[in-house]
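Put chain B with the ligands on the given structure of chain A with help from the hints.
Those protein sequence lines, which keep their order, are chains A and B. Just so you know, we're using the numbering used here here: the first sequence kicks off at 614 and counts up by one. Just so you know, we're using the numbering used here here: the second sequence kicks off at 84 and counts up by one.
Do not rely on the hints blindly, as some may be mistaken.
[As the list claims (entries may be wrong)] Footprint (simulated), chain B over chain A, 3 or more residues, beta carbon under 8 Å: (1) 622-634; (2) 665-673; (3) 697-710; (4) 714-722; (5) 762-775.
Note that these hints are calculated values from the structure, not bench results. Every residue, glycine too, gets a C-beta built ideally from N, C-alpha and C.
Residue strings, one per chain:
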Amino acid sequence: MTVENELSPTKVKEELLKVFPAKVARKRSKAIVVNEPGASRQIQANTRTVPGIISMRGCCYAGCKGVVIGPTRDVLSITHGPIGCGFYSWLTRRNQTRPASDTDPNYMTYSTSTDMQESEIIFGGEKKLKQAIEEAYEAFKPEAIAIHSTCPVGLIGDDVHQVAREMSRQLGINIFAFSCEGYKGVSQSAGHHIANNQVFKHIVGRDDTTVDAKFRINLLGEYNIGGDAFVIEDLFERCGIELICTFCGNSDYEGMCRSHTADLNLVMCHRSINYMADMMETKYGIPWLKVNFIGAEATAKALRKIAQYFESASLAEKVEKVIAEEMPAVKTAQQDVKTRCEGKTAMLFVGGSRAHHYQELFREMGMKTISAGYEFAHRDDYEGRDVLPSIKVDADSRNIEELKIEADPKRYRPRKTKEQIKALKAEGMAIGEYKGMMPDMDKNSLVIDDLNHYEMEKLLEIYKPDVYCAGIKEKYAVQKAGVPCKQLHSYDYGGPYAGFKGAVNFFYEIDRMVNSRIWSYVQAPWQQRPQLEVGYVL
Amino acid sequence: MLLRHTSSEVQQRGALTINPAKTCQPIGAMYAALGIHGCMPHSHGSQGCCAYHRSALTRHYKEPAMATTSSFTEGASVFGGQANLVAAINNIFTIYNPDIIAVHTTCLSETIGDDIPQIIQRAESDGKIPEGKLLIHCNTPSYVGSHVTGFANMVKSMVTYFSESGSGKKLNQVNIIPGWVEPADMREIKRLCGEMGVKTVIFPDTSGVLDVAMTGKAEHFPKGGVTVEALKTTGDSKATIALGEVTSGPAAKALDVKCNVPCEILDLPIGLAATDRFIDTLRKILHIEVPETVTEQRGRLLDMIMDTQQYTYKKRVALWGDPDQLVALAEFLVLLDMEPVYIVTGTPGKNFLKRIEKVIGNCAFKAEVKAGAGADMYLMHQWIKNEKVDLLIGNTYGKYISRDEDIPLVRFGFPIFDRVGHQYFPTVGYRGGMRLLEMILNVLLDRQDRDCPEESFELVM
Ligand code: SF4
Ligand code: SF4
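Here chain A stands alone, though its shape is the one from the complex (with noise of 0.2 Å):
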């Protein structure tokens, strides 16, 4: 289908809001944004959800423990609360990880919980979490232990920062604690960022071994969905770029602790990190770059800056011969997809990032994003990091603590000096900047930040795009109206996507789903011709 619709974007807004109640409608309407690059258009983004809209959202302590902690696979994470929340986020993010031997420790698999009764919300819980963290550590021995709060913690006042000090004292392992109950925020955005700030305090700069390599950098916000850190992996290891952490993806517990030693950060997911990005350079002086690597051009361009970033001939060739030995088999199978996909439409909503780098994967297959959004995401990351100054803090989010970092007496070390940043940026490299997705996107597009299942529905119906990109909410929703559903946070079961190879697997999958045979069986034979012309006669 191509889009040859009649509604201008205007009035497809209006139809989205027509039904809300005029409160409802009002707040609604900042977030839904026609799109025009360059003519930067303000857009409203984490804000309170409107009670009882069917969002896309999750909460606070689904971005900590969830997205930033549970990845790293020996750190052994305890939900202090009542058993569900950690019942759900037990091994559903698909984050994969790779133990270096049969015996190195992996808690992935593993769920633990408090399990909090009814007399714990009455008399406080701390007892019992001190015991359950005792008896996790007879169990597992873990090097360290986060501790997760769930909703009923926060209010019940139980210390789970004093409980983690104390028990930290008594087996002499590290064990802190994230106060990311559900409530906090407004979406998983808050968990990201209270994370950040733990794993800041009490991991980074834990261990100043600093391994001998020449191109020392981070991975930050990869959270190997489907394998894509492995990919990632792979490329920087054919180029020699030494990876000491990603933050998180098949990672572990040393490589955070030592990832201070580092001399750039390499930034994914802007939205869920880079507040550690931040950190980390006002710290120990390590600048970062914004890089995707999801999508075959982009993946070539952030190798390409990671070399510039070194100033280092050598990086740079090696680089070049890695992608020179990649692009062949991507551009055959691009070439081929695009036989059947080219000039086809696709949506995006999803995540704080993805929404983003997605629509260059469906570029690169000549596939046109006519609208898409985050569910979580903030305004820099629609606009660009420009407009932090000009971000009003609201209350919900003024509850979240921003760390006071300084200068480390010690180990600051600024990786280049003001003058070579300032030659870099002005070589066009953008260290410490991020664009946001709206400028990436067509005039005229929709840009629509957290939207909810009545507004999917209308675009659904108006647009008819051939691929809709969310979550597994959404999914068996949007294909029940015909429509194909790609899942992005969980890639529906398959992967990987990033990188070269991660591109060519993306595009047949996309190519199966909008040239699938089946999605012209929907209707019966007799629904199609209901006439009926001969007949026997009986």
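Chain B with the ligands alone, transformed into the frame defined by chain A:
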């Protein structure tokens, strides 16, 4: 090894649950509410719970699971959720237009102590509930019981809110409370009753809601589900049959107290004997004859069991899941001459232990059974490490044990995230029993084919 830290040394644990064999109340209330036609389940709390519950139901059914939430922020958590709920009610009726909203609570709203009936009244007096639209609620604190408790609570609320004994005379119908079973099971129970010539009101009824046919048109409120009109008549039914003591018992008793409808509380009709009791109860209370066709179905299951007994005989089984399922399933396994040696449910309940004891008490094998605190899949795995079993029966989470220990797994219960079939093919009734037995046999025979020496590889089995 996926579960490399699980050792055979069973340690005493009093505070830490590892790999739970239960989840929290609200998801059960949500599932039950989806079994009312035109109903929007509403989660009163912060939005994460609702997102988790919807995701879990969606993964299990591969169907949209629609529900709304009050989306508490920190402010609501301090000042109470009234404003959020009233706003939500207004928004839900305006935007999605359900016939009925079924509110359940979460840990958060329970800990705050929100008074739902009072808030509903408030919404009513504020004019937020349109003419003819309905609202019901139940309390589902997750720090009590488990997901099955939440299911039972919502089903009971259907009775408290709707059942009437209006006409004064009994209608020629029977209430069936099917318990937390699959849409396909509810469909099969209806079919079986229809075959018996019994008119029923079955509630909740998720068939036609969570197994919807693809038509190219998405419906917010699919055709299925028990209607409010039908629910209202339950007070005039001749009797209630509650399937599953834990999930259906409370509603049946409430209906007896409220409207004087006598009830029979039976096991879920899983396997031969439990289905026999179900059919026979219908026969006795309604004074009807069991049709030949039903007896024939029974005969087929019986035949299948006899033909294949050699493969199930003395096979050791570990099972985990929900109490109602486990009681009936254990009984069926014993009838197949299997040995359910490890049985675990995270749902607390003394009665469960008694029931299991009754089912397996006379058997020659020794069984470990645990329910409630400390009864988790980690413990069960430890038992297995100490003495192996031939078969695992339980939800998807068992696949990790299955792979590590190289023991076949039959997926049964909730949740099943990695296979299809459970939503479409029943495991209740005689035909369901045949399917269950087929699944068990398939994995056991595949195993034998895989492991036997070449010379004893059998063509005919
Ligand atoms: S906060 Fe309570 S209701 Fe919500 S998911 Fe957790 S256990 Fe369940
Ligand atoms: S990529 Fe998206 S879904 Fe993943 S952590 Fe970032 S914001 Fe969340």
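List of violated hint numbers, smallest to largest
No hint contradicted; all consistent.
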